[in-house]
Structures are given as C-alpha cells and as structure tokens.
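J.: Read off the chains here:
4 protein chains.
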Amino acid sequence: MLIVMEMNATPEQVEGVVQRIEEKGLKAHPIPGAQRTAIGITGNLGVLDRGIFESLPGVIQVIRVSHPFKLVSHEFKPTQTVVRVGGVEIGGRGLVVMAGPCAVESYEQTLRIARAVKAAGGHILRGGAYKPRTSPYSFQGLGVEGLEILARVREEVGMPVVSEATDIDVLDAVAEHSDIVQIGARNMQNYTLLRRAGRCGRPVLLKRGMTATVTELLLSAEYILDQGNPDVILCERGIRTFADHTRNTLDIAAVPEVKRISHLPIIVDPSHASGKRNQILPLSRAAVAVGADGVMVEVHDQPEKALSDANQAIVPDEFETLMEEVRLLASVLERNVPTYAAAV
Amino acid sequence: MLIVMEMNATPEQVEGVVQRIEEKGLKAHPIPGAQRTAIGITGNLGVLDRGIFESLPGVIQVIRVSHPFKLVSHEFKPTQTVVRVGGVEIGGRGLVVMAGPCAVESYEQTLRIARAVKAAGGHILRGGAYKPRTSPYSFQGLGVEGLEILARVREEVGMPVVSEATDIDVLDAVAEHSDIVQIGARNMQNYTLLRRAGRCGRPVLLKRGMTATVTELLLSAEYILDQGNPDVILCERGIRTFADHTRNTLDIAAVPEVKRISHLPIIVDPSHASGKRNQILPLSRAAVAVGADGVMVEVHDQPEKALSDANQAIVPDEFETLMEEVRLLASVLERNVPTYAAAV
Amino acid sequence: MLIVMEMNATPEQVEGVVQRIEEKGLKAHPIPGAQRTAIGITGNLGVLDRGIFESLPGVIQVIRVSHPFKLVSHEFKPTQTVVRVGGVEIGGRGLVVMAGPCAVESYEQTLRIARAVKAAGGHILRGGAYKPRTSPYSFQGLGVEGLEILARVREEVGMPVVSEATDIDVLDAVAEHSDIVQIGARNMQNYTLLRRAGRCGRPVLLKRGMTATVTELLLSAEYILDQGNPDVILCERGIRTFADHTRNTLDIAAVPEVKRISHLPIIVDPSHASGKRNQILPLSRAAVAVGADGVMVEVHDQPEKALSDANQAIVPDEFETLMEEVRLLASVLERNVPTYAAAV
Amino acid sequence: MLIVMEMNATPEQVEGVVQRIEEKGLKAHPIPGAQRTAIGITGNLGVLDRGIFESLPGVIQVIRVSHPFKLVSHEFKPTQTVVRVGGVEIGGRGLVVMAGPCAVESYEQTLRIARAVKAAGGHILRGGAYKPRTSPYSFQGLGVEGLEILARVREEVGMPVVSEATDIDVLDAVAEHSDIVQIGARNMQNYTLLRRAGRCGRPVLLKRGMTATVTELLLSAEYILDQGNPDVILCERGIRTFADHTRNTLDIAAVPEVKRISHLPIIVDPSHASGKRNQILPLSRAAVAVGADGVMVEVHDQPEKALSDANQAIVPDEFETLMEEVRLLASVLERNVPTYAAAV
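These protein sequence lines are chains P, Y, A and E, in that order. When you line the first sequence up against the numbering used here, it's residues 1 to 344, in that order. When you line the second sequence up against the numbering used here, it's residues 1001 to 1344, in that order. When you line the third sequence up against the numbering used here, it's residues 2001 to 2344, in that order. When you line the fourth sequence up against the numbering used here, it's residues 3001 to 3344, in that order.
Chain P extracted, bound-state conformation (with noise of 0.2 Å):
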C-alpha cells in the first residue's frame, strides 16, 4: 500500500502517517520527493482496509498495491478449483453447458426442456423457482412448487440441476432441491446471503451484478469462501453500460482476467447478458474461445408462451446446434466437451 501526502503536506503530518502504520504492527518507508511526499508500507496487509489512512491530515490518496482479497486469489491456491457436483465436473479440462428455461412453468415443461436440453449433450438443468423481477407486477416463480418440480425431473432425467435462492429465507429449500445455488446478479453484494450460502454445503453459482467489478466480483466470492465452502464457480452476465444494442454489454475479458488472479472457474451467460436470442450462439462461441469453463443459456421449447424473458431463450434446435459449435471450437482448443454416463 502506498500513502501519498499532499503538496504542502507538513513534517508532522507525515509523522502522524507514519505512527498510524507502525501502530498497525507495519513497516513506513517515506520517499520524500521533489514535489511531494508518498510513503510505501509493507508487512501482512492482505487484508487492510484503507480507510483508516485517507482521513488522516495531509493525506491525499491511498493507493492499493496488493489485492484486496486472499482466499479466492491464485497466490493463495495456485491449483485450479474444479467444482464436482453430480458427476459433472466444472473448472477442469471439460467444458460444462447448463441449460434450461429462465422459469420453471410446469412439470411438463420442465421435463420437456430438460429431456432436450440432456439429448443435445447438456450437463445441467438450469430453472427458476423463485425470480427476482424488477416490477412487482411480473411473474414471480412457483416458488417451492417449482422447486419440487426440478427435483422430480433432475431424477427423471439424471442431471443435476441449478437453481436461484433469491433470498436467505428461501435458501434452505433451494439447497434441499437442487445441486447448486445460484446466487443472482442483484445479490452478488447481499453479503448475509453470501454468508449464508457459504454454510449450505452445496457448491454456489455465483453472478456477477451488473455494475461489479472484477475485484468486487472476487471480494462476493470471498465471503463465501471464508465460510469454508470453497466450491464457487464465477458466472459473467453482463455489465450496464451505454451500448444499448443488447440488454447488457458482455464484458468476455472478464474471463481471461479472472484466470488471471483466482483459481475459480468462470463461466459465461449468454442469454441474460444480451437479451436477445440471436445473440446467444455467437456470444457462446465467443466464451468458449476466450478461455471461459463452460456457458449458461436458457432454453425454451415454446417461447412464444414462456411467462418470463422469452426473448433471450434459444429453441432446442437452436441448442442442438450450439452443443455442436461448442463441442467444434473445444476440440481445436485443447478442451472438450464430456458425456457423463449416469450423472445425478
């Protein structure tokens, strides 16, 4: 971490710095300058919060040069995290494709969707019981009902399903039901819910909110990590920014750089990234080929009568062939796509 003093910052005011980091148990290094002074700490600070500097008289800036973070960080766990959860492995050479409709409507739906979705090659079954919506109007979920329905058509079928807890009322069902949680983008900082799910003894899925940023994305992480679950795998859905020709902008070098700096595996939606169904195949290639560990997408066999974001739903044909390019572009990228035998 680096202090840097104001212009006509005065001697005892680079003192009282420097006492306030010795106080901490660090070490001060002040680098008087020609036009101003900074002073450079070291010692443990992984984890210091850098408020406690910015008020003090004279200071001007605190400058982070360690990141923020610890448990998720790849200085800490340089192996690579794989998730495995009913069979299905995520973060290791294999791509996964989780696939579904945003809501689960009905038993027959649901059953319908998931049968395509496992004859196509996906791994797992993607389903809404509870939606977050932003008008109290919307359609809201089934609920438990719609938990109860994935559960029944997770072992008809034999995929492992993944599904919303949008709530930390909510999240002992959704954990009960299905084989991992997802945390949606609107909660990636509701930090009791990230406490809570870090104690629900199933892996998380965890959304990047849309105006996050990588380092926030990885602090949500941390939270759950520091609970003792360490199965988390990162998901890149879109940021809000100005571009309005999709519902929000993918921010696909997200997945190179949290490669980077964590050992968790990340994947990519497509569908609520854009918003819009033409965008979800080329988006989904584009995953594949920048590094990310499999892709999200919803799928709807009807989704001219789906009851909640038809528009970012792919048609099982349309899924077909968008296992095909996935299964393409892995094979020259020195990944694949598995077929597990009997996963669930």
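What the hints contain is simulated information worked out from the structure, not anything from laboratory work. Note that beta-carbon positions come from the ideal geometry of N, C-alpha and C, so glycine has one too. Hints are not guaranteed to be accurate.
Per label pair, the in silico range of CB-to-CB distance [said to hold, decoys possible]:
no., chain 1, residue 1, chain 2, residue 2, range
1, A, P2011, Y, I1060, 30 to 36 Å
2, A, Q2302, P, N8, 39 to 45 Å
3, Y, E1324, E, D3244, 46 to 52 Å
4, A, Q2061, P, R152, 17 to 23 Å
5, Y, K1077, E, S3106, 21 to 27 Å
6, P, D244, E, S3106, 56 to 62 Å
Fit chains Y, A and E to the given chain P structure using the hints.
T.: What follows is chains Y, A and E alone, placed relative to chain P:
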C-alpha cells in the same frame, strides 16, 4: 404499448400478435407502413409485462409508452406525499437534513455527533448499525448493540433516527429501534426485503442502486407501496460511470425527473455520491437548488479515527456551514429549513 | 416513427402533429388510447430528423422504428461488402489479420516487425505516423517521415499498409502512402474528416468511438458511403465503462449486431480494447469465434523500448501463436486464413 | 510515480527498472516488501509518459502520483484565470450567462432571440453556424452565412458571440466573426484543432467530451495553453452513462473538482446535458449553487419550428425566469450577475 414487426413479417405473424393482444382483453391497432407494420395497443395495460409479446414470431421490438408503475406515479396520486416522522416533515415546503456518522461506533461517539448535528439545526440522526461492506474483512457494524445506542441517543437528544436494514433478518430490529428504515443501494432490488419493508410499520428511505435507472428505482418503491406502506422517501446517491474523480457520479437530474413523474419525496446523499469530503458542501447546495426535499450527509467529529469511510464525512464545523448555506438557498427558493420544537 | 402525446394533450395538439406530418408528405395514423394518444407515421421516412416533432406542443416522446441510416444497411444492400486492397480481401470467407507497431519509430524497427508479421502469416501492416495523444507531452508520431518509412517497408516486404489520418490536413498524405486510411476512435464523429475520407480514393478503416453506440458507428460510416466511397471496414475497439480491469470494455456483441443490420465488414482490435498484453490472444480468439472478419493487433519486437503504448503490444513469438490459434478456429468455423501470393 | 513489480520479479528486473529511471535523470527508491517490491520515483517528472515503464520486464503497474498536466493546474498558477471578452468577465465574482439558439437559422430569428436574451440580462449570444450532426441527413448549419448573421446581430444588439469551430478549415472564419471560439464535445480530443485554437487569437470555450474524464478535459485544455493562449473556458455538458432519463448525465461534481485542481473558469450547459426542456431551469440552479462560473443555455422563440434540437431549448419567458433565479442564488452565494453597460 407498440409492437414493431420485422420488415418481412407475414400477414399470419401480424394476425398472431393481434390475437395475443385480444386474448389479454386489449385492443390492437395495426398500422401497415411502407417498410413494416406496427401494432398499437390500447386498454388498461399499465402493468403489462412486455416480455409476452417480444418472443412472438415476426416481432422485432416492443415499445412501452406508459410507465410500468402505478402507485408511485403522479398520475395515480396527484398530490405530493409528505412523510411525517417524530414531528419532522419530509416532502413538504420545509427541507430536511439527515446527518450523523457512517457507522455507530460507540455511545459516546454517537452522542457527541448527534448533539453537534442537533445544535447546528439538523433534523434526523443517521447512523449504521449493520454495514454492508464490499470486503468480508472490513468493519461490519456493531449490530443490535449499535441499534440500542442509536435508540438511547435518540431519547437523549430528541431526534428521530434512520438506520439501514441490510437483510430480512435484521429488519424487525431496525424497525423497532429506528424511526425510518433505510434500504441501501445494494439492496434496492432485494425484492423480499422491499416487500417486508412494505409491512414494517415505518417510513422507508430507499436509496437508488448504483446501476439503477430512475424507472427501476420507482419500480422498487412500487414494491413497498404495493404492500400498503405509503411512506417512502427516495434517495439519489450517485451512479457508477467511467468518471473517476468521484466515487460515483451524482445524477442530479434524477431529482427533477422524479418530481415530474412521482409524488414521493426525494433527498440527495452527497457523501456516498462523491466519497470526497470536499465535495459534500457544493453537492448539498446543488441538491437544494435543483429541488431536492433534503440532504443526508455523514458527519464525524474525529474522521481520522473513524472505523469506516472516513473520507466521505465532514466535521461538525463544516456541518454548521452546510446548514447555513442550505438555509440561505432555501430562503430564495420558496422553501425553508424548519426548527422543530420537540422532535421524537 | 411513432409520436406519443402527453396524457392531457388536447385534440388541437393532436391535430397540430397530424398536420406537421402531412406537410412532410407522410401519412399520420392516430391511435386514441385509454390513457393517451399515439400517432403512427408511415411513408418514406428513412432519413427524417425526429427533432422536428419533439418540440410540437403536447408531444412527450418520438420513437424511431426504422434505422436512421440507409446506405450501410442490409436492407439497402443485401450482399455482404468485400473490400479488396492490394490483393487482400476483407469481409469474405477469409479472415484478415492486421498487425504492426503502435507507432512507426524508425525504418529498421518497422522493417523488422513487418517481416515478422509477414512470416507468421499476417496480411496487412499497421503503423501510426500521426498519433493522437491525450497529453501534449507524449510522443506524437514521426509524421510524414513515418509515412515514407511505411511506404518503403510496404514495397520491401510486400504487404499493404494501414495508417491513421488524424485530421484533414494529413489525410491526403496518408491516402498517398497507405493502402487503407484509418479514422481513429476519437475522430469517429469528426464529420469533416469523414466526408473527406469518403472522397480520398482509399478504403477506410473506421474505428468505433469509445462512447459511440453501434447506431452512431453506422451513421458515421454512412457519411463516408454518402460521398461515394463504398469501401468501409468497421472496427470494434472497446467502449468506456466503469470496469477497470481493462483499459476499455470490448463490446464483443457489437460484431453480431453489425452483421445483422449492415453489409460492411467488421474487425476487432484487442490491443486498444484491453490495453493489456495478456488479453490480446484470448480476445483475438473471441473475436474470431463471434464472427468478426479479422483482428488488428499491435506487435513490437522490443516492447520495453517502444515509444508509445508498449503494454498493449505482443512480441513476434506471441503473434505466431495468435496466427496459429486463428487458423485453428477458422478451420472449425467455416472460414479460413488465406495466404496471399503477392500482396501489394 | 510509483512502479509496482510482480510478486515473482527477479532482482535483475528490479535493477532494470532502476536503471531506466536513472537514465531519465530521475531518482529511484526501491521499497522491498513482504509480498513484492515497489519503486518510488522522484525528480522533475511532471510530464513523463508512464508507458515507458509499463513494458519493462517484471513491472505489473505504474501509478501516477502527480497530475499529468502543468499549465492548467493551480500548482502552476495559483490565481484564478478571468477571461475578458467584449467587456464581459468570465471566471471572476460575476456569473456569466450565454444563451441563444442551437443553430443560426436566419437573421430575423437570431436578432429576435438575441434581443430577448439581452433584455433578460444574458451576457453572451450563442449560436451555431456549423453543426456537427450524428446523421449526414440532418441540418448541418448555414456555414459562413450563419457566421455573418451572428456578426451583424452582435453589432446590432451589442453582445459578444460564441460559435463552434467544427474543424480546422472553418476555424479562421469562426475566429474572425466571433468573440469566443467554441470547441465541441466531439472535438475535445481533436488535437490538431486544439493546437490551432491555441493560436487563433480568441478565447476558447472547450466542452468536455461525452466520455472524457476531468483529467482528459484538462489535458485537452493544456494543448491550447501550450500554444500560448491562456484564455480557456471549460464547459461541463454531461457524460454518457446508462441512465436514460436525460440524454446525458450532468456530472455536476466536475465543477468543484476543476476548481480544486485548475485555475480555469468552468461553466455548465444544461441544454446538452439533459436534452430536456424541463430540466434546464433546475440544472441551471444546481450549476450556480455548486460553484460554476456561469451557464450556457439554448433559447428559441419558436421551438416548434426550430431546425435542430428544439427539445433542449427554453422560450424567452422561461429564460427570464432563469435569469431571475440565477440572480437570487448569486445573491446568497457571494457572487453576482453583472449588467454590462456597453458590451462589445
């Protein structure tokens, strides 16, 4: 609502959209054009989810013409909402100033600051007992002990207090000890929390999310009103942009926009918007001048010892200047800064 | 185009809008609704300025339904544009790779890098002679001397070159010495320069502005086509967002969007999009996978001695890997990476 | 400046950076830490390009501690710059109001509006003769005829005029006919134009680009001052964000930030910032309250007939109200709104 068809949409596709509109009990108005057909919809569609049309074959775009909310709109309730709390009015001709420490750190600290705020003419004491922090390693607040400190200081000094409920677990405790329940920016789309806040029996201060549009802020308020709680105070606290000279970018134009379409009061929080002490006074002046119903600022008497976000707090002397400036501006803007005899 | 009236608009105001529409030789279709009236417009309105309606009394919103451009659209020209330059094709089945130093620094440097690029299979040499620099104190390029170096190297190595024209004063010189004239991101809305580029007799590489929407990019291309120059290559190079892990945010979804609505070729520049060497290979793969017609990357053989932006250049060894990866991806995506016998 | 080394940087790499620093005549201060080494640099490095260090082996980050500009900074010139034009002062205690039509449409229109502006107490007449338009099919301005109209009206009414130079071809004509040369937002990084404006013999009104940081705005001003022209007036006119309720987002906090670090005057343009007539008065009040040196607004007496951007103009009656509000605010903010006897 207006449905825009693709350029090569078939007559059957147009007919399909018309049928779906009529199934919903609405009236369809096809407009065949030189390049493409559009279909106007009329009828009572205030709360219609446009997703149900977006995926119909041949549809390229669905354009909302009316607002997607109802209870919060001026069209629904033409008179301005005035929230009354412990004798203080928010949303009337009088401006309100909420001030206090970022986090409640101790009884003595809170009492000292509360007295300074009260002496300078501030109306409501703010203070966080539960702190949503980006990093799991930052100070997370005193919790229920902090709430009890706030409640004691409230009696001692005679000021209503506002404090944040970070999740549904702590909502009841916050509602019990505070006069106003704050929902923070990171929770603006935590719909379970919004619904509970709608039944908590206290006015709610709802902060705009860093990435939320004004429409989304009003939809979140709609969740609260929809549960029977009419007493919502909105708060503009900056949005996330590329501009890096302040922590967030204060979207000052959100104030006149909210005033134009909604009857709810709106205040401005320059501390979180800027994250810089030297911005707090000028931004407070701008907030009052643009038409906000008040401001909320952080005050700390020993910022160099504060446990969180010290750089966005002003000291009591600066707060006195702020109050003086707010009074002067109010005097030329047909508003005033009331002195309440016996608040609480 | 659709005109939306205010809720309390009078019949006279509606009539006023209808009259103005008819004055323009268009047809008005009023749609009286429960809450408000909307007025559809049909006729030949491809290039109509909506500003002429926005200020009419009673109008609240004007919604454009058609694209505001014409010449660049697929609807105007259904076949894909293929730009041919010195034997190289851009926009066809073959992918194009443009590579070279950020700035031309000397004859020797440029020649060495050009040979490395050529040897690895790159098609077009890039190099800046005029550098638009944020600071007046940064290296501003060699100017006409740089252009002459490029022209010599072009002959020596047998590769077409692309170089940026930073203003109308240097446009002729750039057009004389280069095969493709580049218009940089900061000049995307320099309309005088765009018009001159439309008459310069060379294909134009038009980079998207950091803050431009896809529609605005296409409108800027329209300026060039409107002057009679059909040979425009678009370039996505990142937009400015809050995300701080790369210099800009590569908006990879812009590529399928441009492909959907326009016939112009589009390439991707991962060097400027990311500003980070370690992102260049993964983003190049993503660009090819998403459907771009090629990539443009910075290559430098002594990045530690480069005079500008060294951190966004890869070394020749990395460029060889990039070419190999692009070839592998092309092979599974029904594209290829041509080898041109005698380009230039 | 501070160089941060990678965690596994070798002693040779650290030494390499130290050498490069010393080659530049500067002093290196290595700070070996627990996790990594940082190297402070001191000496006269105000205008040093950090790119020269970023690509050295082992370097992970280069952090600038000083401002990258010089002439525009308070540290270089502690006194506030006051620009004087035709008797009007900009940047002193008196506020300035610039007003007029978006585009000069005819002599009669310009004269009528100028008289209304003058009568209400406005100081400087604005009007565009050259209009940078997103679409090639929009009205592009009257060109030199517009300049001549402005010059005639200027004499007739007795007000200095400001008009935009859209490129270097028209700069001389604009400088000849106007008192202030405006550089528009889209040209803020047109460096050739900036340099010429630095030698044009007139004060320059430099508008912030939609995507520019405050630092970049000041660097662009530095280009002008560097050519010997000290008379630069900055203008905040909104940045591009996701917020869609106004055309751009007025970054009101840019004003105190510019005041903090620079001696140049800064005004605010609420017309372009919001693109909405109903925002112009409240945003003008906010601008004055936050500390701007004035405002620039669009006024049109027949907005329903305006040839461009009619929705962002107010009518003369509203302008009178605006002037009255500005005067009232100035009276409580230790500023004033001067009346100049015989401007021009």
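J.: Next step is simple, just say for each hint if it's right about the structure.
T.: A quick look at each hint next to the structure:
no., hint, result
1, A:P2011 / Y:I1060: 30 to 36 Å, "32 Å, holds"
2, A:Q2302 / P:N8: 39 to 45 Å, "41 Å, holds"
3, Y:E1324 / E:D3244: 46 to 52 Å, "37 Å, violated"
4, A:Q2061 / P:R152: 17 to 23 Å, "47 Å, violated"
5, Y:K1077 / E:S3106: 21 to 27 Å, "46 Å, violated"
6, P:D244 / E:S3106: 56 to 62 Å, "36 Å, violated"
Of the numbered hints listed earlier, those contradicted by the structure are 3, 4, 5, 6.
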